[in-house]
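Participant: Taken in order, these protein sequences are the chains called A, B and C.
Last residue of the first sequence: number 387 in the working numbering, and the count goes up by one each step with no gaps.
Last residue of the second sequence: number 347 in the working numbering, and the count goes up by one each step with no gaps.
Last residue of the third sequence: number 804 in the working numbering, and the count goes up by one each step with no gaps.
Hints were generated in silico from the structure; no laboratory data involved.
Don't take every hint at face value.
Said to hold, decoys possible - Pairs of lysine-lysine residues, derived as PhoX-like cross-links and limited to a Cα-Cα distance of at most 20 angstroms, are as follows: (1) A:K283 to B:K126; (2) B:K118 to A:K283; (3) B:K80 to B:K60; (4) A:K283 to B:K146; (5) B:K146 to B:K126; (6) B:K118 to B:K82; (7) B:K80 to A:K283.
As the list claims (entries may be wrong) - Quick look at which bits of chain C chain A covers, simulated, 3 or more residues with Cβ under 8 angstroms: (8) 581 to 595; (9) 616 to 624; (10) 733 to 743; (11) 756 to 766; (12) 787 to 793.
Every residue gets a Cβ at the ideal spot worked out from N, C-alpha and C, and that includes glycine.
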Amino acid sequence: MIAFLIKRLMHAVLVMFVISIISFAIQDNLGDPLREMTGQAVSEAQREVMRDEMGLNDPFITQYLRFAGNALQGDLGTSYFYKQPATEVILRHLPATLELVMASSLIIILLSAPIGVFAAIRPRNWLSRLFMGTSIIGISVPVFLTAILLIQVFAIGVTVDWFPSDTQWGSILNGMLSTDGGMPSYGRGELTHVAGSWSSGFFTADGLWHLVLPAISLASIMLPLFIRLIRAEMMEVLQSDYIKFARAKGLGLGRIYFLHALKNTMLPVITVGGVQIGTMVAYTILTETVFQWPGMGLMFLEAITRSDIPLIVAYLMMVGVIFVVTNTLVDLIYGLVNPTVKLAGKPA
Amino acid sequence: MALLEVNNLDVRFAMRGGEVCALRDVSFSLERGERLGIVGESGAGKSVAAFTILNLIAKPGYIAGGEIKFDGTVLNTMKPKALQSIRGNRISMIFQDPMMTLNPVLTIGAQMIECLKAHRRISTKDARAIALHKLNQVFIPSPEKRLDQYPHELSGGMRQRIIIAIALLLDPDIIVADEPTTALDVTIQAEIMELLLLLCEKHNVGLILITHDLGVVSQVTQRTLVMYAGRVIEQGPTREIINDAQHPYTQGLINALPQMATPGSRLNQIRGSMPTLTKIPAGCAFNPRCDFASDICLQEVPNFVGSGNCKVACHMVDAMVKGQPWTPILTDKPVTKTVPLPEVNA
Amino acid sequence: MSQTTPSAATASATTPKTNSIVVPGRWQRFRESYLIYSFKRDWMAQVCLLIFVAMVIGAFLAPLIAPADPYDLATIDIMNSELPPVWMEGSDPDFLLGTDSQGRDLLSTILYGTRVSLLIGFGAVILQALLGVTFGLLAGYMGGRVDAFLMRMADIQLSFSTLMVAIVVGAIIKATFGGAVFSDYALVLLILIIGLAEWPQYARTVRASVLAEKSKEYVDAARVMGFRSRRIMFRHILPNTLSPIFVISTVQIANAIISEAALSFLGLGMPETQPSLGSLIKSGFDYLQSGSWWITLIPGGVLILLVLVINLLGDWLRDVMNPRLYKG
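Could you put the whole structure together from the sequences, leaning on the hints where they help?
Facilitator: Structure (structure tokens):
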């Protein structure tokens, strides 16, 4: 266990090192703090003096070490736009993104496992076919389009008048296909202050109501992926000898499917899930843009248009931390589920 | 009445290109405590027969006809729940590859206890005690420790012992063993076979042993069934079949044993290979490989001919017995164009 | 007295006629292959291929068949902006699918936009495949440190999700050179960004199948015969890894098109003057609330249809060819 943690820690340090190098290189080449601090009035000679004072003429390595040292203490510079420490700005935007990701993950976990297992157990059932057909459409719709469609249908509303409205069936059909809209599609709604910079939308009806459309959009691309993955893995596992043996032992189908088969199915699903969490963070940028969700992703995009380099760097570092933490957690869970991994070496 | 009776069993696989018959008209029976061997090349339908007994054949396969009668009840028309209470309880199975048979993510103990709990109302503590007792019976060193181990921590031979222990957990009437030693090291094969034989004799458990190894059959079983291309072609007491095989195929099998070869020369073999189930020749399925084949063999499926305890499905038995002295089928022997026919048929 | 028929006769009757001396040509072998056989039986695959081919032809013939040239500012009249499609009230029959916020004919911009999306999709996938196959072959065949290094790189890059990498690289380039330069070279830059971001997919798949192939006898035989390792790699191993490459390529094209659309939607892709499907959706999104849904949703529908048929074809290919794909 300790060996495993050390190994993971080494990996994490390596990844963070790579990210910090990239981040620093961006800052070094793009960000000129003098330009932000001083106006045009300062002469070139004065700038040079200031550069020396600030250590901007030091060798790359010295500057990098200073950058890394500051970063370790949580100092990632000051945002040009907000005129506040970048770390503070990031932390203020973090809860919104985390809550969105959590809500979507909940949707994905609650739906993908039962649907995937059902589709594997009853591959010829019409419901399974429907799920699989829908899932390939789900994979093919980019996340921002799902978001836009949801806004059109549930926030703006759709009026359908394809059928003659003077007949009874026509008006019923029109009514069934039309939507009123009115769902919130902008911002987080009413928030409750929890602690520090963390304000949560989980505790008010309005906050939860605002979460619905963004969370569904973000889940829409991962859910079909996981359903297909769980189904494929489950079908493979069901072919295996140990499942046949479990049946030969006279066990009930419930125990065979949900203990013997599902536990083996989850192993590759957990690994892939770890990678997909990273993808999900990328998709938050899209979702947050469409719904003007005040999270890190939207902040990052704004920082790009404003060329707010310290904020961009802070975002990269924060995303790096999120990836490293989730990947370590996923490996830990994998090790706990899979007995052949002794949490010491590489997974077999 | 026999404990297990299989009558005219037909098993088919519904494939895209049409139906494939895996078993045709298979009948045999097993008395209490009797040990039966089912022999044949791979693809003969032995394993299908084994899995069909407990109705465990996978989806495209289904039982198209015949019946499986166990202790007076018909298994193949039974409700799934009722059949489930027989599986692992009164009839248990041992699979071919011990490396694949145990669930890799569950402990040995969990896999034994769940089996007991599925069939008896029993506390975990009592179930554990029974599991321990059975592990002792299969001579597993430090059984207490094994219960908490995972399959990947054990060797293949050890795992097969555990699978035998699982098969014995509920003191079954019959154990169906599908090539239980093929996947093991040669040195361990004999050990495992001996253990299986010992336990079956001691507890008076019936055994259906599926194997392609006539040597094993001759040591372990009392009766033998020879299968070819989905049909039973010969059955009878093991001793008689080994000493005096009637069917040319069985003769070939026996002849192919290493013991039968002349020292220094090549091993004997049966020329050609078993037809795939989609391309079974008309008449006797063995006719393209048979040195004694005649016209009738190409046209009619042979019925069983009884001679004493043995039953054999071959048109040419009488001819071979009365006419030709039996000659071993030689390696690389050129394809025989004609078989001299004895006068009786003329 | 009955004569026994020679058993040889029955044997030859059952042997398929492939034993004949005439070796079928490539074309004939292709026509008789399982791929074509199952294609002929699968109406879904046929419909998908038909739609895909129609879209590709429509997109690349856009300059010939489009009613207007959206790149030509002289033909655009701002008075025509936000006209609905012809089946709605207040439409102009000159504009079949209506117009966008600048008064451009939507049908024409969609045709041109699909062309841009397809160009980037195919371009990026070719780049990915070149990089990935080379690295995958190297890693799988060389093994040892080369393998460890390349796969560690792939791992790290994959753990960052390809879209994330593309967004960051796009953002850095845009911040470095400014929006104007970025717009000028957007097409090439997008191909580069998406191409560089996704090579690990190919590398891992190719490496996995190289490792599987390497252990087979024919590779040993080639080595014993004294072929050099480069020749063994490209003449002997590569052809055997083609079917997984083929299968993931379909998925990758779909992914590249989605990635391009996502980047353009975020303003890190094609400019509005030279729109792709993604930037069309972006430019229309602002008008969604005002009721002009068609500017966003019609290009969106085209994008979905394009990606869907490619994904369905990919699914069908995977079922038919059933290659070993890298999992997890």
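Participant: Run every hint past the structure and note whether it holds.
Facilitator: Checked hints:
no.: 1; hint: A:K283 to B:K126; result: violated, 27 angstroms
no.: 2; hint: B:K118 to A:K283; result: holds, 18 angstroms
no.: 3; hint: B:K80 to B:K60; result: holds, 17 angstroms
no.: 4; hint: A:K283 to B:K146; result: violated, 26 angstroms
no.: 5; hint: B:K146 to B:K126; result: holds, 15 angstroms
no.: 6; hint: B:K118 to B:K82; result: holds, 15 angstroms
no.: 7; hint: B:K80 to A:K283; result: holds, 18 angstroms
no.: 8; hint: 581 to 595; result: violated (count 0)
no.: 9; hint: 616 to 624; result: violated (count 0)
no.: 10; hint: 733 to 743; result: holds (count 6)
no.: 11; hint: 756 to 766; result: holds (count 4)
no.: 12; hint: 787 to 793; result: holds (count 3)
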